[in-house]
Amino acid sequence: MIKITAKKIYIFLIFVFLYAPIATLMALSFNASRTRAKWGGFTLKWYVSLFENREIMQALWNTLFIALLSSLTAVIIGTVACIAIQKMGKRKRALMMGITNIPMLNADIVTGISLMLLFISFGIKFGMGTILLAHITFNIPYVILCVMPRMKQINPSTYEAALDLGASPAHAFFKVVFPDLFPGVLSGFLMAFTMSLDDFIITHFTKGAGVDTLSTKIYTEVKKGIKPEMYALSTIIFVTVLLLLLLINKAPKEKIK
Amino acid sequence: MKNNRLMGKLFSSPYIVWAVIFILVPLGMVFYYGLTDKTGAFTLENVTAIMTAEHAKALWISLGLSLISTVICFFLAYPLAMILANMNVNQHSFIVLIFILPMWMNFLLRTLAWQTLLEKTGVINSILSFLHLPVLNIINTPYAIILGMVYNFLPFMVLPIYNSLVKIDANVVNAAKDLGANSIQTFFKITLPLSIPGIISGITMVFIPALTTFVISKLLGGSKILLIGNVIEEEFTQAGNWHLGSGLSIVLMIFIIINMAVSAIFDKDGEGSFL
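For the record, the sequence lines run as chains P and F.
Mapping of the first sequence onto the working numbering: position 40 corresponds to residue 40, and the numbering continues sequentially without gaps.
Mapping of the second sequence onto the working numbering: position 200 corresponds to residue 200, and the numbering continues sequentially without gaps.
Only chain P is shown next, with the shape it has when bound in the complex (with noise of 0.2 Å):
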């Protein structure tokens, strides 16, 4: 019995130390007073000014539109790679799979100043496509590292049955392999969607003069002071995917019943 609530009490500080930091957010975002310092008193003040501040929601659109973009982008490429590795033999198998872990494992800051080198000596112009292009490169390691577990689990017996059965190879894949490996390329695109948002560091050294993330923008803001509409936008950002995700992890169990 001890040991359960010790263990219990384990989980929970450990919770309180990855969530305090967002409860200060959302917190701050109800804050009247424009400092972080003090408290000033309940508003909603910041919600509306945050949908009147042109330059918060471009870069809210900016990010969204990078991650959608580039997260769908690494999921094609990412798959038919998954195909193709698959068939390899062992060696060259190898060889992909240490080439894809490349940009996992190394720092963040020298896929950065690596790919910006690149685009500096290609004289490619510092933009959204520069940041698009860099996105998709680390999107595309986590939707194989998702899509190629599932690749495994796959009998090849199954597609080849349908084609003798005289389905076209394109028919026999999206009818017998695609829906198995469904759940790893929903995995893939989620998790792609979730590090392009989340990334400061790669953005920051591929991005243009004026083209700005909601990482980028913050960071300039950090010397400024962050202004309190970027919690409200935050807030209003952690709450809807928690929603969604509440949604999905309740509707399979509803199935089930």
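A couple of the hints might just be wrong.
Some chain P residues close to chain F (C-beta under 10 Å, calculated; not the full set) [what the hints assert, rightly or not]:
1) Lys7
2) Ala23
3) Thr100
4) Gly112
5) Leu197
6) Phe200
7) Ile218
8) Ile226
9) Thr235
10) Val241
The set of hints was computed from the structure by calculation and includes no laboratory data.
Computed from a predicted structure; not experimentally measured.
Glycine is no exception: its CB is placed at the ideal position from the N, C-alpha and C atoms.
Assemble chain F onto chain P, guided by the hints.
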């Protein structure tokens, strides 16, 4: 058969092309810049620049702080992963979710929130003084940076360890117990050795980002403490000396490669994966 091979080529080519252009060539450029001077002549000066007092100090502080953070992460994460793995809820995705969820609140804001919590008159100190306990003065010190590192990278230690613990066959543990091992023996002889792949990949996923960060030190260290990441970042964004910045990055990559080699020895099948 020929058709099949053609398909394989067609499918693998987009990613191979992408990987060469955006992974291998950029890394090659870092080495090119790092090993040449402004005239394009070969030099090792940018790499040996790590020996100068200022850079060596930054590297030492980075190594020290990231090692301490990794150790703290490990001792916090292992019991947690064990508790989660033994809960038998079989809600793998839910547990992963809880640790990924904070990432939906921007990483910079979450780290900044610790300023509010740690400040002299911040939330934690208000609570401490209300309870008549001594107040903490750790903001803008190395302790705050360690806290920031542990906070940001703890999930990357918990998830791989959790994943490798879940994979352990319960029969192996039961067999050890049947053969008379007590729970401490079972832990050190069975559970711990079998979770090494997870531990190694957890260590990699905490140590590398902690070693190379420049953001956490800037936000919580009061920009007085320079880590090697800060030095490199300044060379690229302010000083504009890409050759020196690349040379120092090569030094960082040496540490990364050592770490990858070690993890390849212990985790041959990639068992201790993050997901």
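The hints, checked one at a time:
1. Hint status for lysine 7 (chain P) relative to chain F: holds, with the closest Cβ pair at about 5 Å, below 10 Å.
2. Interface restraint check: alanine 23 (chain P) against chain F, minimum CB-CB distance 9 Å, threshold 10 Å, status holds.
3. For threonine 100 (chain P), the interface hint holds, since its Cβ comes within 10 Å of a Cβ in chain F; the closest pair sits about 7 Å apart.
4. Restraint check, glycine 112 (chain P) versus chain F: the minimum CB separation of about 9 Å is within 10 Å; hint holds.
5. With a cut of 10 Å, the hint placing leucine 197 (chain P) at the interface with chain F holds, because the nearest CB-to-CB distance is about 7 Å.
6. A cut of 10 Å between beta carbons decides the hint on phenylalanine 200 (chain P): the least distance to chain F is about 6 Å, and the hint holds.
7. A least Cβ separation of about 5 Å between isoleucine 218 (chain P) and chain F falls short of the 10 Å threshold, and the interface hint therefore holds.
8. Hint on isoleucine 226 (chain P) holds. Least Cβ distance to chain F is approximately 7 Å, under the 10 Å limit.
9. For threonine 235 (chain P), the interface hint holds, the least distance from its beta-carbon to any beta-carbon of chain F being 8 Å, beneath 10 Å.
10. Here the hint on valine 241 (chain P) is kept, as its CB sits about 5 Å from the closest CB of chain F, short of 10 Å.
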